[in-house]
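Protein chains in written order, with our numbering: chain G, 20 to 180; chain A, 20 to 180; chain X, 20 to 180; chain V, 20 to 180.
Quick caveat, the hints were computed from the structure, so don't treat them as lab data.
Fair warning: there could be bad hints in the mix.
As the list makes no split between identical chains, a pair holds if one copy fits it or if it spans any two.
[Stated by the list, open to error] EDC-like, lysine to aspartate or glutamate: derived pairs with alpha carbons at most 20 Å apart:
{"#": "1", "residue 1": "Lys25", "residue 2": "Asp74"}
{"#": "2", "residue 1": "Lys54", "residue 2": "Glu36"}
{"#": "3", "residue 1": "Lys25", "residue 2": "Glu42"}
{"#": "4", "residue 1": "Lys164", "residue 2": "Glu37"}
{"#": "5", "residue 1": "Lys149", "residue 2": "Glu36"}
{"#": "6", "residue 1": "Lys54", "residue 2": "Glu37"}
{"#": "7", "residue 1": "Lys163", "residue 2": "Glu23"}
{"#": "8", "residue 1": "Lys54", "residue 2": "Glu32"}
Number of protein chains: 4
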Amino acid sequence: MTVEEKIQAFLNEASPEEKNVFEQVVDGFIAKQQKQQLTYLSGITQAEASTPSKDTFSIRVPITPLIHNPLSIVHGGMTATLLDSTMGGAAMQSLPDHLTAVTSQLNIHYMRPGVGEYLECFATVVHSGKQLIVVEGNAYNNEKKLIAKATGTFFVIPLNK
Amino acid sequence: MTVEEKIQAFLNEASPEEKNVFEQVVDGFIAKQQKQQLTYLSGITQAEASTPSKDTFSIRVPITPLIHNPLSIVHGGMTATLLDSTMGGAAMQSLPDHLTAVTSQLNIHYMRPGVGEYLECFATVVHSGKQLIVVEGNAYNNEKKLIAKATGTFFVIPLNK
Amino acid sequence: MTVEEKIQAFLNEASPEEKNVFEQVVDGFIAKQQKQQLTYLSGITQAEASTPSKDTFSIRVPITPLIHNPLSIVHGGMTATLLDSTMGGAAMQSLPDHLTAVTSQLNIHYMRPGVGEYLECFATVVHSGKQLIVVEGNAYNNEKKLIAKATGTFFVIPLNK
Amino acid sequence: MTVEEKIQAFLNEASPEEKNVFEQVVDGFIAKQQKQQLTYLSGITQAEASTPSKDTFSIRVPITPLIHNPLSIVHGGMTATLLDSTMGGAAMQSLPDHLTAVTSQLNIHYMRPGVGEYLECFATVVHSGKQLIVVEGNAYNNEKKLIAKATGTFFVIPLNK
Numbered sequence: 020m021t022v023e024e025k026i027q028a029f030l031n032e033a034s035p036e037e038k039n040v041f042e043q044v045v046d047g048f049i050a051k052q053q054k055q056q057l058t059y060l061s062g063i064t065q066a067e068a069s070t071p072s073k074d075t076f077s078i079r080v081p082i083t084p085l086i087h088n089p090l091s092i093v094h095g096g097m098t099a100t101l102l103d104s105t106m107g108g109a110a111m112q113s114l115p116d117h118l119t120a121v122t123s124q125l126n127i128h129y130m131r132p133g134v135g136e137y138l139e140c141f142a143t144v145v146h147s148g149k150q151l152i153v154v155e156g157n158a159y160n161n162e163k164k165l166i167a168k169a170t171g172t173f174f175v176i177p178l179n180k
Numbered sequence: 020m021t022v023e024e025k026i027q028a029f030l031n032e033a034s035p036e037e038k039n040v041f042e043q044v045v046d047g048f049i050a051k052q053q054k055q056q057l058t059y060l061s062g063i064t065q066a067e068a069s070t071p072s073k074d075t076f077s078i079r080v081p082i083t084p085l086i087h088n089p090l091s092i093v094h095g096g097m098t099a100t101l102l103d104s105t106m107g108g109a110a111m112q113s114l115p116d117h118l119t120a121v122t123s124q125l126n127i128h129y130m131r132p133g134v135g136e137y138l139e140c141f142a143t144v145v146h147s148g149k150q151l152i153v154v155e156g157n158a159y160n161n162e163k164k165l166i167a168k169a170t171g172t173f174f175v176i177p178l179n180k
Numbered sequence: 020m021t022v023e024e025k026i027q028a029f030l031n032e033a034s035p036e037e038k039n040v041f042e043q044v045v046d047g048f049i050a051k052q053q054k055q056q057l058t059y060l061s062g063i064t065q066a067e068a069s070t071p072s073k074d075t076f077s078i079r080v081p082i083t084p085l086i087h088n089p090l091s092i093v094h095g096g097m098t099a100t101l102l103d104s105t106m107g108g109a110a111m112q113s114l115p116d117h118l119t120a121v122t123s124q125l126n127i128h129y130m131r132p133g134v135g136e137y138l139e140c141f142a143t144v145v146h147s148g149k150q151l152i153v154v155e156g157n158a159y160n161n162e163k164k165l166i167a168k169a170t171g172t173f174f175v176i177p178l179n180k
Numbered sequence: 020m021t022v023e024e025k026i027q028a029f030l031n032e033a034s035p036e037e038k039n040v041f042e043q044v045v046d047g048f049i050a051k052q053q054k055q056q057l058t059y060l061s062g063i064t065q066a067e068a069s070t071p072s073k074d075t076f077s078i079r080v081p082i083t084p085l086i087h088n089p090l091s092i093v094h095g096g097m098t099a100t101l102l103d104s105t106m107g108g109a110a111m112q113s114l115p116d117h118l119t120a121v122t123s124q125l126n127i128h129y130m131r132p133g134v135g136e137y138l139e140c141f142a143t144v145v146h147s148g149k150q151l152i153v154v155e156g157n158a159y160n161n162e163k164k165l166i167a168k169a170t171g172t173f174f175v176i177p178l179n180k
């Protein structure tokens, strides 16, 4: 069975939600293909990064069934993905071009169910050492409710290009 | 532009990797549609759950570019998703049917880059209180290298059916 | 050997530092005895609590050799004690009189060596649920350098009097 | 008022508990003076270190009112002190003589009230990198109940002698 045939079989049986989520994913692959997104993951979750200030990094993702857990709220792991990406972005933003940072440790407090139109995370560097960067991140929904709060330790490494 | 037209445009330009990753995602949507998977997320990541013992819950996901970060290793957030799902599974497995558990707090140590054929997480309940369950999870790759270690606090709530 | 004899033997051989630290401890026991301090620990560490605002709780302790680790900087566990006490204070301050809160989980980032004249911790409630309170605490030295940052989960219980 | 006079005034009014706790502290200062203990803190808490195996470090402290919180159970910060000391000991035990390790991050789950005759902590290295060591520690009471579980990140530095 070719991928085109699989898609046709899926779409023939798809509920409206399944069709919408699938189209979101297709759009994400196209965004990745067209280099508007760096990874498949950021593509399919429709992540939008911004830098509200030179010390703050931010990413926003729409809340759709694609990132739901079985209770139909945002999967804690997807909130973690958003926090980790945003906090990593803040760490990198604070570094010169020849360095990057990888997550060494991440602690997350989940405070409210991830419901609403979108999740938006803001991250700032709390402490910048030679080797370790401590970053804080807060994830809000569109009603500005604090959904989750994280702190993490990032380890600085040379960027291999 | 219909979703079918978008897909055709994408596939016409797709690299072999893009085709493979896209087919993985299509297979995931079909698995979700056919109720072999509970969520889109577990579908597209091809998560396979198992219960190696009555005290252990396990989930395995193949490592493919779908879950890569920009450095082409597993995104820390996807490792978090795997850990959170597996640890939540262990928490629920320890509860009677009318109760469930939501993640209250999650702490993750990332120890090695997520590379290899698959990630496999094993989680066990460390302490079971009336309201709070403490769970430990370890994520290994196919070479049995410890990629990440997590502990988390889960909050027990009634299951609304 | 009576305690008085032990003390005499100790003081006969004591270095100036040992004498100073010992006197600090004696003062702490007296403060506890006179109910100026609630615990031996707060007494001997000369902890001073304050409430800078209705949402903030603060405790300050002088940095003396009593709380040093073998490297002659503040023992990370004593910074943890300060953070835990202050964060617990903030949690309790947010609760009605018939409830109290116990630490369920505490995550600390140590950022700078604990050196200076004193450590001062400020804690605020980040999220207040029915059963769980999330609190943030920051420990600074007298030069306002951030020594450590913590977040914690506190579990609400009835206060048994 | 000399320290001797202060001590006399304190002892004249002291309850049996206050006398016992005070004598514990005096014994601790003597142990420190006689170099049986490395720090005041380990002295007054009567910490006893051991190495049950080459991969495990252990410290035991008696539970006395000295380390109680206002609820008359072990202060969470003192459990943290025990965990941090033991985990740091395990990290150092894994290093060559010219290196040492400082706590970078510590996450603790408090599971049961700290009651009993003593607390005993066992710590093992989970992962040993060039710069970062991840350590796990478990604190039990004399009934082998798990009181608290911690994981931490230690940063390797040269030992200045």
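How do Lys54 and Glu36 come out at 20 Å by Cα distance, when the copy is not named: within, between, both, or neither? between (27 Å within a copy, 15 Å between copies)
One pair to classify: Lys54 and Glu32, alpha carbons no more than 20 Å apart. Within, between, both, or neither? between (32 Å within a copy, 13 Å between copies)
When no copy is specified for Lys25 and Asp74, does a C-alpha distance of 20 Å or less occur within a copy, between copies, both, or neither? Neither, since 46 Å and 38 Å both go past 20 Å.
Taking 20 Å as the upper bound on the Cα-Cα distance, should Lys25 and Glu42 be classified as within, between, both, or neither? Result: close both inside a copy and across copies, 15 Å intra and 9 Å inter.
Copy assignment of Lys164 with Glu37, given that the CA separation must stay at most 20 Å: The answer is neither: 28 Å in one copy and 37 Å across copies each exceed 20 Å.
Given a CA cutoff of 20 Å, do Lys163 and Glu23 count as a within-copy pair, a between-copy pair, both, or neither? neither (42 Å within a copy, 37 Å between copies)
If the cutoff is 20 Å on CA atoms, where do Lys54 and Glu37 land: within, between, both or neither? Let me know, please. This pair counts as between: shortest inter-copy Cα distance 12 Å, intra-copy 26 Å.
Is it within a copy, between copies, both, or neither that the alpha carbon of Lys149 lies no farther than 20 Å from that of Glu36? neither (48 Å within a copy, 34 Å between copies)
Hint violations for this structure: numbers 1, 4, 5 and 7, all remaining hints satisfied.
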